[in-house]
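*Asks:* Start from chain A and add chain B according to the hints.
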Amino acid sequence: MNTLETIKQYAAQEFEVKSEEIDVDAPFEQIGIDSLGLVEFIFELEDKFDIRLDASKADGLKTLRDLANHIDELITQKATCAESS
Amino acid sequence: MRRVVITGAGVVSPIGQNLAGYSEAVIAGRSGLRLLAAVPDVGLEPLVVGQVDFDPARHFSRPQAKQLDRVAQFSLVAAREAVRHAGLELNESERDRAGIYWGTGLGGAGTLEEGYIQLYREKTGRIRPLSVVMGMNNAAAAQISLEMGLRGPSQTISNACASSAMAIGEGLRAIRRGDAQVVIVGGAEALLTPSIMRGWQMMGTLARTDPANPERSCKPFAADRSGLVLAEGAVALVLEDEERARHRGAPILAELAGYGSSSDAVHISRPDAAGQVRAMRAALADARLAPTEIGYVNAHGTATEVGDAIETQALHGVFGDSVPPVSSTKAVHGHLMGAAGAVEFLAGILALHLEVLPPTAHLDHPDPACDLDYIAAGARAARGLGAILCNSFAFGGSNAVLVARRYT
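Going down the list, the sequences are from chains A and B.
Following my numbering, the numbering of the first sequence begins with 119 at its first residue and continues without gaps.
Following my numbering, the numbering of the second sequence begins with 11 at its first residue and continues without gaps.
In case anyone wonders, no lab produced these hints; they're calculated from the structure.
A hint or two may mislead.
As the list claims (entries may be wrong) - List of simulated lysine-lysine pairs, DSS-like, C-alpha gap at most 27 angstroms:
id: 1; chain 1: B; residue 1: Lys133; chain 2: A; residue 2: Lys196
id: 2; chain 1: B; residue 1: Lys76; chain 2: A; residue 2: Lys166
id: 3; chain 1: A; residue 1: Lys166; chain 2: A; residue 2: Lys196
id: 4; chain 1: A; residue 1: Lys180; chain 2: A; residue 2: Lys136
id: 5; chain 1: B; residue 1: Lys76; chain 2: A; residue 2: Lys136
id: 6; chain 1: B; residue 1: Lys76; chain 2: B; residue 2: Lys133
id: 7; chain 1: A; residue 1: Lys166; chain 2: A; residue 2: Lys136
id: 8; chain 1: A; residue 1: Lys196; chain 2: A; residue 2: Lys175
id: 9; chain 1: A; residue 1: Lys180; chain 2: B; residue 2: Lys76
id: 10; chain 1: A; residue 1: Lys166; chain 2: A; residue 2: Lys180
id: 11; chain 1: A; residue 1: Lys166; chain 2: B; residue 2: Lys133
id: 12; chain 1: A; residue 1: Lys175; chain 2: B; residue 2: Lys133
id: 13; chain 1: A; residue 1: Lys180; chain 2: A; residue 2: Lys196
As the list claims (entries may be wrong) - Only part of the chain B face toward chain A is listed, based on derived beta-carbon distances under 8 angstroms:
id: 14; residue: Ser71
id: 15; residue: Arg72
id: 16; residue: Pro73
id: 17; residue: Arg138
id: 18; residue: Pro139
id: 19; residue: Leu140
Here a beta-carbon is modelled for each residue, glycine too, at the ideal position from N, C-alpha and C.
Chain A extracted, bound-state conformation:
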């Protein structure tokens, strides 16, 4: 499962909504995730993917797709660092 699908499934479980009803391109508020809920959701995703989000970029993340792309970037960066060290 790719990152986007993983976090979509996770959001469905965490916010008790049907996965098929989640629009990954809709703003978080529209799918029932408020700002506080988002902070907690990101916190849990960080643990799940063993990454730490870049706080300076967090404001730019408006949708689940944005979030998935950013997580993928971080996973790639982490892998690159691991190879070079």
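*Replies:* Only chain B this time, still in chain A's reference frame:
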């Protein structure tokens, strides 16, 4: 002056997780206390506690439960039952005059402790972002207000073991003043965390475990009492302006007739009879009742050597040689700390409503220093019981006393 009545009650306690269960157990004198095993890696020795076998999944969706500290979960469950019991339905304008007065000693203790574990033991710095709004002392009141759409005054009172009694008293005053027509009052506590339990163990005020019957370890007013038993839970009451309650045909359990409070200004933990007397007299005066009109006292009765003897002296100070029957229901539900006043006042309300006095359980060996009628032989019928008084005395020397009267 406006009269204030109690129209609903809800409870989560070690002896029952609804009103019917609590009522039956408190009158039967059936203990909900149990022995908790040691946790050697944090130095916690075995201790008897009043723990609630609480299943959040019965009451909350998983996402909702994750956002609520245990104390807020207890609070919501108790408040929901109270509102259901009262048949309370508020229209939009009524919500602006409906409030909440809630007591808690340590609020979201479990959330805070989990944060400390991450910070100091796991050294991850991974503290849940929601820990701020889950751990704050007013979280439970806020969650009740949010769920029930209460838009009137909201106040959280944290005054150790007197917290919820004071919250009930302040709710009474809010209705009398006209600040609100309906208030949810009561309190909750969920502090059975290793650090809190260990702190109490180190203080040396907890009951020794009765080796044969751990559930009988709390023995208020008995010669063989050895201390208090920590417990958790919540109680919510619906208070209403009498006219409003009557107008809507609400079931009226009792009238909340009086509230008095005082400070000892003597010692941080040792109680003081004079301070207790002042609070009881203030509550009686507020209720415009003479001591002779009180037919039952639910004592603070923590089962500490000093506390029970001093409360007995204080009761003599107020009632002279004619102290009405007294019981401490802590013997069965333990000491709910910030929720103690509410859970015990509920026992008093039930006494009025059902005309039966709950007993002091486990009192087999009377202490000469405690020379009152403690209803030791089991619940007692009390036909025509007219009024009750309930004591809550806190560390810090804060005393709160509530008086309820049969509604006629």
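*Asks:* Each hint should be assessed against the structure and marked as holding or not.
*Replies:* Outcome of the hint check:
| no. | hint | result |
| --- | --- | --- |
| 1 | Lys133/B <-> Lys196/A | holds (22 angstroms) |
| 2 | Lys76/B <-> Lys166/A | holds (17 angstroms) |
| 3 | Lys166/A <-> Lys196/A | holds (15 angstroms) |
| 4 | Lys180/A <-> Lys136/A | holds (20 angstroms) |
| 5 | Lys76/B <-> Lys136/A | holds (19 angstroms) |
| 6 | Lys76/B <-> Lys133/B | holds (22 angstroms) |
| 7 | Lys166/A <-> Lys136/A | holds (21 angstroms) |
| 8 | Lys196/A <-> Lys175/A | holds (17 angstroms) |
| 9 | Lys180/A <-> Lys76/B | holds (23 angstroms) |
| 10 | Lys166/A <-> Lys180/A | holds (20 angstroms) |
| 11 | Lys166/A <-> Lys133/B | holds (18 angstroms) |
| 12 | Lys175/A <-> Lys133/B | holds (26 angstroms) |
| 13 | Lys180/A <-> Lys196/A | holds (23 angstroms) |
| 14 | Ser71 | holds (5 angstroms) |
| 15 | Arg72 | holds (7 angstroms) |
| 16 | Pro73 | holds (5 angstroms) |
| 17 | Arg138 | holds (6 angstroms) |
| 18 | Pro139 | holds (4 angstroms) |
| 19 | Leu140 | holds (5 angstroms) |
Checked against the numbered hints above, the structure breaks none of them.
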